[in-house]
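So the sequences go chain by chain: B and D.
The working numbering puts the first sequence at residues 1 to 130.
The working numbering puts the second sequence at residues 1001 to 1517.
Simulated from the structure, these hints should not be mistaken for laboratory data.
No residue lacks a Cβ here, since even glycine has one placed at the ideal position from N, Cα and C.
Among the hints, a few may not be true.
[Said to hold, decoys possible] If we take Cβ atoms under 10 Å as the criterion, some of the chain B residues that face chain D in the derived model are:
| no. | residue |
| --- | --- |
| 1 | T27 |
| 2 | I74 |
| 3 | K117 |
[Stated by the list, open to error] Examples of chain D residues lying across from chain B (beta carbon under 8 Å, computed):
| no. | residue |
| --- | --- |
| 4 | L1175 |
| 5 | L1223 |
| 6 | I1401 |
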Amino acid sequence: MIESVRLKLDAIRDPGPGFVPFFLGLTLAILSVIAFIFPDRQVRMAAFWNDWRKGRDILFIFAGLIVYLLLIRILGFYIDTFLLMAFLLKIFGERGLKRPLIIALTTVGVTYLFFHKLLFIPFPQGLLGI
Amino acid sequence: MDILQGMVTGFSVCLAPTKLLACLFGVIVGTAMGVLPGIGPAGAVALLIPLTFHMDAASAVIMIAGIYYGTQYGGSTTSILVNIPGEAASVITCLDGHQMTRQGRAGAALGISAFGSFIAGTIGVVGLMVVAPPLAEFALKFGPPEIFSLVFLAFTLVAFLSSGSMTRSLMMVVLGLLLATVGQEAITAIPRFTFGSVDLQSGLDMVPLIMGLFGLSEVLLSLENMKHGEGAVTVRPTPKFLDLLPDRQDWKRSAGPIGRGSLIGFLIGLLPGGTGIIAAFASYAIEKRLSDHPESFGQGAIEGVAGPEAANNGAAQGAFIPLLTLGIPGNAVMALTLGALKIHGIVPGPFLMTQHPKVFWGVVASMYVGNILLLALNLPLIGMWVRLLRIPTSILYPLIIFFCIIGTFSVSNSIFDVGALFIFGFLGYLLRRLNFDLAPLILGFILGPILETSARQSLIMSGGSFGIFYASMITMILLGLAFAVLGTALYSEVKKGKLSKGLASLKREIEASQEKP
């Protein structure tokens, strides 16, 4: 709403760019108050309050995805994706190291052959030029 | 162009090799996605939308349509065989379908489900052919005030029919509308909510938003429900092909439910917010009420499979009518289809039939072809579909995340969009965890620009007077209906005790059937 006022609301006969977002923001605020006063009984608490392990895994995945983004220009798409896939496979319950690494390697290989060679999608390269 | 001429055009389009291939790909992938628990039609379409960018508009919509009704077919297979609904609309099929499997009648259940879906799909396509042209002609009378009123009605209906309270659904609609305002404003080109970011100048991209909210959040929710080390599902032996053909008694008991389910599904699909889930539940409730032996429902009554399966496929066909004729998507999948069409420079609505007749009639004709392909594929290949369930979820879900990243990146080669995918994925997870329905959010995002433009054009036309919104009979009726829906929702909230008891009872019945060894 604050940003909308900065964008200008103007007159109702010729609404400015901030007109619609302002009233949408106001509507959302009102609905939020209503939802707060009359809560939905079916709302469940977020998992991480009930089962720390589940919440921990979700946060690990999110953190892993953010690290993936930060490293993509350093390591390059293929190495970064290989590490991400191995990480995700372990988080989702793959035991041992051999199978996750093979699956991760296969995924990257198929990506190179199909998406890069066949569909010509250019993936970001890292400092090693890969 | 009359209906017959249109269908000739349509078949000439959809029987072209590329379109036929798109249809075949759509129904195969749709069935596979429907079989796999956790990925519903919206998630499947969201994951595959990037593929449509390499196709022409007709092929894109034909493929998406194939995926949509393909998931309905696939979802029922796992519901019947392993008591796991492949997608939400197949939940009700678990009640009687799996009981039939336990009685050694899996073949009859699968067969009647496939044939019922086929018949409903065919009826739905005929309905589409008959209803769409006059509706499109009527929609030509729509100006900005009428468009605004129609979109407003669509939002209220979607919010009313979504799961959870209407307040929360409306919050999602408004959030979607707000997300749609990010970027350069349409009329003045002034950047809004970009906070100096160059990447946000053109607004939030649809693909990472949809793939994050539906695809990535689904995987995160599934992780929560998984136990570590959980393998694939144990599947009973699948019936042989000849065992899948229903006998005379099965047909006699199913004919009425299939007919009624087809009609119920089609009519519910026409409504914004009318999904396969609602159609299936409505059909089940009606068949139980009409049955001479209602106590047999939940114990393996074939009517409890035939009706809901026909209804959810009928709804899938009916949902295309408001999209193709009015340009108003009634559910998340239709919103995604609208987005895909817009990317190809085609705006569905009353002019679609006249300006792009090959797209319109090609899609309609492809539904006939798609339903035939699904019947031909689903029955003989049931064993193959069921084998998909043997893929460990520990491998499946990381692959889905990978496909989301690749899909997002392939659209715009933008790391910013991949970041947006992750943000929306986490946001979608939190919202779903807090019991918010995401379909209204997607609808708000897709229809937001239409709503805003039509509202501002109306106010400019009227010199700022809101009287323009009740100057014509059409706007009065549409807005009247919208406020009636809001009033009904308010009344329902007050009487919530009665409604939630009824739903809780049905939910307990479903949970009890899932727990049976």
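Practice task
Would you pick out the hints that fail for this structure and give their numbers low to high?
Solution key: Hint check: 2 and 3 fail, others pass.
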